[in-house]
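Student: Below, each chain spelled out in residue letters.
Protein chains: 2
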Amino acid sequence: MLPWITMMNLQKDAEMPVFLQLANGIIREIKNGILKPGSKMPGTRMMADALKINRQTVVNAYDELDAQGWIVSRQSKGSFISHKLPEFTPKRIAQIPQPSNRPDCTGYSFTINTIIHEPAKPNRHINGFHDGPDVRLVPAELLSRGYKSILSRKSGIILLSYAEVEGRQYVRKAISDYLNSTRGLQTKEDNLLITRGAQMAMYLLASVLISKNDIVVTANLSFRYADICFLNAGATIVRIPVDEDGIDVDELEKICRKKTIRAIYVTSHHHYPTTVTLCAARRMKLIHLAEQYGFIIIEDDYDYEFHYESSPILPLASVDKQGMVVYIGSFSKTISPSIRIGYIAAPPNLIMELSKLRMILDVQGDPIGEQAVAELLNEGQIRRHMKKVLKVYKERRDFMVNRLKDKLSDVIDFKSPEGGLSIWARFDNKYPLPELSEKMMKKNLVLSKGLIHDLAPGKKLNSTRMGFGWMNINEADHAITVLEETIKR
Amino acid sequence: MLPWITMMNLQKDAEMPVFLQLANGIIREIKNGILKPGSKMPGTRMMADALKINRQTVVNAYDELDAQGWIVSRQSKGSFISHKLPEFTPKRIAQIPQPSNRPDCTGYSFTINTIIHEPAKPNRHINGFHDGPDVRLVPAELLSRGYKSILSRKSGIILLSYAEVEGRQYVRKAISDYLNSTRGLQTKEDNLLITRGAQMAMYLLASVLISKNDIVVTANLSFRYADICFLNAGATIVRIPVDEDGIDVDELEKICRKKTIRAIYVTSHHHYPTTVTLCAARRMKLIHLAEQYGFIIIEDDYDYEFHYESSPILPLASVDKQGMVVYIGSFSKTISPSIRIGYIAAPPNLIMELSKLRMILDVQGDPIGEQAVAELLNEGQIRRHMKKVLKVYKERRDFMVNRLKDKLSDVIDFKSPEGGLSIWARFDNKYPLPELSEKMMKKNLVLSKGLIHDLAPGKKLNSTRMGFGWMNINEADHAITVLEETIKR
Chain R
1 MLPWITMMNL QKDAEMPVFL QLANGIIREI KNGILKPGSK MPGTRMMADA LKINRQTVVN
61 AYDELDAQGW IVSRQSKGSF ISHKLPEFTP KRIAQIPQPS NRPDCTGYSF TINTIIHEPA
121 KPNRHINGFH DGPDVRLVPA ELLSRGYKSI LSRKSGIILL SYAEVEGRQY VRKAISDYLN
181 STRGLQTKED NLLITRGAQM AMYLLASVLI SKNDIVVTAN LSFRYADICF LNAGATIVRI
241 PVDEDGIDVD ELEKICRKKT IRAIYVTSHH HYPTTVTLCA ARRMKLIHLA EQYGFIIIED
301 DYDYEFHYES SPILPLASVD KQGMVVYIGS FSKTISPSIR IGYIAAPPNL IMELSKLRMI
361 LDVQGDPIGE QAVAELLNEG QIRRHMKKVL KVYKERRDFM VNRLKDKLSD VIDFKSPEGG
421 LSIWARFDNK YPLPELSEKM MKKNLVLSKG LIHDLAPGKK LNSTRMGFGW MNINEADHAI
481 TVLEETIKR
Chain A
1 MLPWITMMNL QKDAEMPVFL QLANGIIREI KNGILKPGSK MPGTRMMADA LKINRQTVVN
61 AYDELDAQGW IVSRQSKGSF ISHKLPEFTP KRIAQIPQPS NRPDCTGYSF TINTIIHEPA
121 KPNRHINGFH DGPDVRLVPA ELLSRGYKSI LSRKSGIILL SYAEVEGRQY VRKAISDYLN
181 STRGLQTKED NLLITRGAQM AMYLLASVLI SKNDIVVTAN LSFRYADICF LNAGATIVRI
241 PVDEDGIDVD ELEKICRKKT IRAIYVTSHH HYPTTVTLCA ARRMKLIHLA EQYGFIIIED
301 DYDYEFHYES SPILPLASVD KQGMVVYIGS FSKTISPSIR IGYIAAPPNL IMELSKLRMI
361 LDVQGDPIGE QAVAELLNEG QIRRHMKKVL KVYKERRDFM VNRLKDKLSD VIDFKSPEGG
421 LSIWARFDNK YPLPELSEKM MKKNLVLSKG LIHDLAPGKK LNSTRMGFGW MNINEADHAI
481 TVLEETIKR
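For the record, the sequence lines run as chains R and A. Sequential numbering from 1 applies to the first sequence in the numbering used here. Sequential numbering from 1 applies to the second sequence in the numbering used here.
Hints are not guaranteed to be accurate.
Since copy identity is lost for identical chains, a pair holds within one copy or between any two.
Derived BS3-like pairs (lysine-lysine); straight-line CA-CA distance at most 30 Å [said to hold, decoys possible]:
| hint | residue 1 | residue 2 |
| --- | --- | --- |
| 1 | Lys36 | Lys459 |
| 2 | Lys188 | Lys321 |
| 3 | Lys387 | Lys77 |
| 4 | Lys36 | Lys388 |
| 5 | Lys460 | Lys40 |
| 6 | Lys430 | Lys333 |
| 7 | Lys84 | Lys391 |
| 8 | Lys188 | Lys121 |
| 9 | Lys52 | Lys430 |
| 10 | Lys407 | Lys52 |
| 11 | Lys148 | Lys333 |
| 12 | Lys173 | Lys439 |
| 13 | Lys333 | Lys173 |
| 14 | Lys212 | Lys52 |
To be clear, the hints were calculated from the coordinates, so they are not data collected in a lab.
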């Protein structure tokens with residue numbers, strides 16, 4: 001009898017089931033030549049005793065080995081190591097020796113895109129003023145139940161196959177109903193393209209709508225990754241100022257009189273990064289200008305659900321009579337940044353053109369995840385979830401706003417934001433953010449250097465978004481204390 | 001007492017939990033004005049009796065209503081409809097009336113992309129010779145367990161946040177190990193970019209590597225969606241013939257002598273659509289030509305795992321000494337078409353450039369799904385699954401090949417494919433495929449018209465891929481019988 005217990009070294013608390021550990025252990029010993037083809041395996045009872053495990057576990061392991069072709073079980077005679085082992089040995093290409101090293105560089109050159117910069121690594125392992133939702137509040141249990149329910153349903157099997165490029169009918173209906181009831185839109189299924197988050201929405205729109213040298217207007221403070229999509233599509237960006245009432249539409253009108261504008265990118269609900277809301281009068285004027293001059297309004301409503309003070313204002317898309325507005329949103333902040341489900345709401349002719357590009361870029365979305373989210377929407381679970389987390393985020397905002405006012409009002413200039421998950425913080429120039437950020441990082445706390453907001457070259461804002469959503473109140477208390485010490489010492 | 005049981009109409013066997021049905025029913029009646037603000041709700045015991053349900057269910061419903069702000073519970077006094085209802089009523093934009101109809105067309109025009117055609121709707125509801133895997137064989141149970149395990153782990157929370165653009169380290173390590181052990185590659189984590197399936201891989205490669213008027217060589221029969229990616233990036237496509245040994249590399253050499261070629265697209269393992277394998281001598285010559293003339297080999301190994309006869313030949317990428325080969329693969333066929341996880345293996349400098357574009361297009365992949373697949377790979381579950389399904393697919397191939405030979409050898413010319421999930425079937429010109437396909441569709445069976453393979457305009461091949469993987473043997477038997485009747489009647 002072989003020393004099975006030492007050879008197999010089974011771990012009962014490991015992730016992999018014990019029967020698989022056993023099956024894999026036996027395969028390993030066959031490969032090592034310890035167990036020879038044709039030799040008889042111990043009976044299941046004997047093996048169970050030798051390994052001090054349940055006999056059924058051994059039966060399961062032998063069944064697995066049999067199914068894979070490593071052993072052959074003969075009625076009443078027992079199990080034998082197979083003579084024809086199922087090992088997977090692909091053929092080498094005759095005469096070409098394999099290289100001993102992988103090539104560490106391409107054997108050809110290619111154009112480096114200077115518009116898009118190298119992506120930063122996400123820094124999630126340490127706490128701090130991250131600009132995003134607290135993933136501890138993600139409804140993981142709801143999602144998990146959703147996945148399980150869908151995958152165990154008989155009808156769920158259709159979701160494992162190829163799907164409609166623009167998203168399944170059920171999903172588009174659910175999101176359309178949600179947008180219509182919460183935001184006063186008047187969409188139907190054919191007004192929607194489901195995307196991988198708002199970023200893909202922007203990429204698709206820029207690719208389809210913007211041609212080389214088209215003028216796209218954004219604010220002089222804006223979302224850099226939208227800018228990049230437009231620039232990458234060949235746009236010339238013209239910037240207009242933003243003040244407490246949002247973007248300056250009078251300035252926009254002046255530009256319209258002189259030049260042909262193709263599109264404007266707006267974050268009307270909470271301007272990114274400054275968090276201000278575009279006021280009603282400017283909204284009216286913006287819509288009229290678009291109709292008059294024929295430019296497209298790309299309305300990115302990235303955090304519509306996050307509003308604490310009064311009721312939110314309905315989006316521009318809700319009053320779009322002439323099909324000038326394209327509306328973008330996502331569930332990345334509502335549910336989870338890793339559940340990348342976003343959407344574009346627009347007239348059907350544009351949705352079709354966008355779908356064509358999405359086809360060659362991605363084929364389709366994630367039918368299982370999208371179905372889970374659609375069902376949660378239809379059950380009202382998303383609204384219930386939002387109601388709960390909004391309470392939490394409002395407390396966190398209030399705490400951070402008050403604490404920063406108490407402790408750092410001489411250094412940081414800001415207004416309490418009506419919505420969103422971040423404060424737009426203008427730091428005194430005596431305290432350059434890049435230095436401050438480095439010092440905070442050494443204390444294991446994230447504070448953005450704010451460089452991502454410096455869109456005009458050479459202009460140093462010394463301002464940044466300080467997230468209040470990511471940390472609970474104790475963590476925020478600690479982070480602000482450390483920030484104060486770092487600044488004032 | 002109100003007629004609660006009729007008003008609430010609870011369904012015990014519905015998907016939505018009864019407590020939520022009850023809570024939603026009460027919200028509905030508050031909105032309808034039946035339940036007035038300030039009025040007292042029945043006690044939980046009384047309500048439970050009235051509705052003939054468990055009291056705890058009523059307690060849960062009231063808790064939910066309390067959390068949402070619809071009712072206020074006062075210690076020992078009971079629950080009351082809230083005076084300040086939590087209804088979500090966003091503000092309209094003052095002075096702008098909402099349109100009574102949604103705009104059915106954009107108010108501006110845009111360029112219609114004539115390279116990409118309108119995507120066809122997937123036709124999954126009816127059976128037939130679909131070119132793809134049988135979703136009934138998808139390891140849904142394994143996936144479901146994977147999701148659940150990840151979402152319930154404490155460490156799983158990191159997967160709900162933003163992730164690395166190129167995929168998490170754990171996932172790239174798992175896929176890298178898998179490629180190295182099954183395909184003789186020598187990749188490390190920094191050689192891999194995880195994509196949404198092979199299609200995104202092709203889109204990214206075409207966008208980064210191909211400039212306007214670059215020459216890309218493909219076979220005169222090739223994968224149309226690869227062609228479209230290259231054409232969309234501005235390439236000029238030059239086609240070379242394909243015979244029983246794969247693409248004609250002598251023809252390629254002639255072109256190289258005359259023109260500068262930027263890249264060649266090859267499906268070396270099973271040529272798409274003809275299923276032939278590129279022979280060893282041609283592989284050697286192809287690699288040497290790439291090194292000599294400096295062109296890129298884009299090797300799309302879309303169905304490496306599906307091989308029935310001899311062992312598969314290692315990919316071109318396994319003998320790439322000078323970094324000329326970019327290798328594409330995916331788990332769409334191995335696991336499920338809706339689990340869109342693919343990868344590009346290439347030198348790190350190219351991976352970085354591709355990651356930049358992926359950032360603005362998609363930000364990141366699906367960390368939960370990717371983690372689930374990586375764990376299944378590490379546990380050997382994917383290989384076990386493949387071993388099982390390969391047996392099934394081999395039987396189906398053999399059945400269809402034999403049956404077609406028996407019944408339709410005078411109409412369909414084909415060879416039994418060594419791998420993949422489809423037969424390349426050349427139909428006698430007496431039976432035009434578009435007509436045949438229409439007739440089959442009327443009998444609820446899919447047979448591709450083959451038009452997707454007619455890459456050269458005006459050339460009618462009357463050939464198509466007939467999938468043998470999608471149907472079980474009974475279904476295939478029926479489908480072939482119907483096909484025979486349709487042809488011969």
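Student: Compare the structure with each hint and give your call.
Tutor: So, going through the hints one by one against the coordinates:
Taking the shortest Cα distances, Lys36 and Lys459 never come within 30 Å of each other, neither inside one copy (73 Å) nor across copies (58 Å). Taking the shortest Cα distances, Lys188 and Lys321 sit within 30 Å of each other inside one copy (15 Å), while across copies they are farther apart (54 Å). Taking the shortest Cα distances, Lys387 and Lys77 sit within 30 Å of each other only across copies (26 Å), while inside one copy they are farther apart (65 Å). Only between protomers do Lys36 and Lys388 lie at most 30 Å apart by alpha-carbon distance; the minimum there is 24 Å, versus 62 Å within a single protomer.
For a Cα distance limit of 30 Å, the shortest separation of Lys460 from Lys40 qualifies neither inside one copy, at 77 Å, nor across copies, at 60 Å. Within a single copy, Lys430 and Lys333 get their C-alpha atoms no closer than 34 Å, and across copies no closer than 58 Å, so neither meets the 30 Å cut-off. Taking the shortest Cα distances, Lys84 and Lys391 sit within 30 Å of each other only across copies (15 Å), while inside one copy they are farther apart (64 Å). For the identical chains of this complex, Lys188 and Lys121 are inter-copy neighbours only, at 18 Å across copies versus 39 Å inside a copy, given an alpha-carbon limit of 30 Å.
Taking identical chains as interchangeable, the C-alpha atoms of Lys52 and Lys430 are never at most 30 Å apart, the minima being 70 Å within one chain and 70 Å between chains. For a Cα distance limit of 30 Å, the shortest separation of Lys407 from Lys52 qualifies neither inside one copy, at 64 Å, nor across copies, at 58 Å. In the homo-oligomer, the alpha carbons of Lys148 and Lys333 lie at most 30 Å apart both inside one protomer (23 Å) and across protomers (22 Å), since each shortest distance falls under that limit. Proximity of Lys173 and Lys439 under a CA criterion of 30 Å is satisfied in neither setting, with 49 Å inside one chain copy and 33 Å between copies.
Taking CA atoms no more than 30 Å apart as the test, Lys333 paired with Lys173 passes in both settings, with 21 Å inside one copy and 29 Å between copies. Taking the closest pair of Cα atoms, Lys212 and Lys52 never come within 30 Å of each other, the shortest separation being 72 Å inside a single copy and 68 Å across copies.
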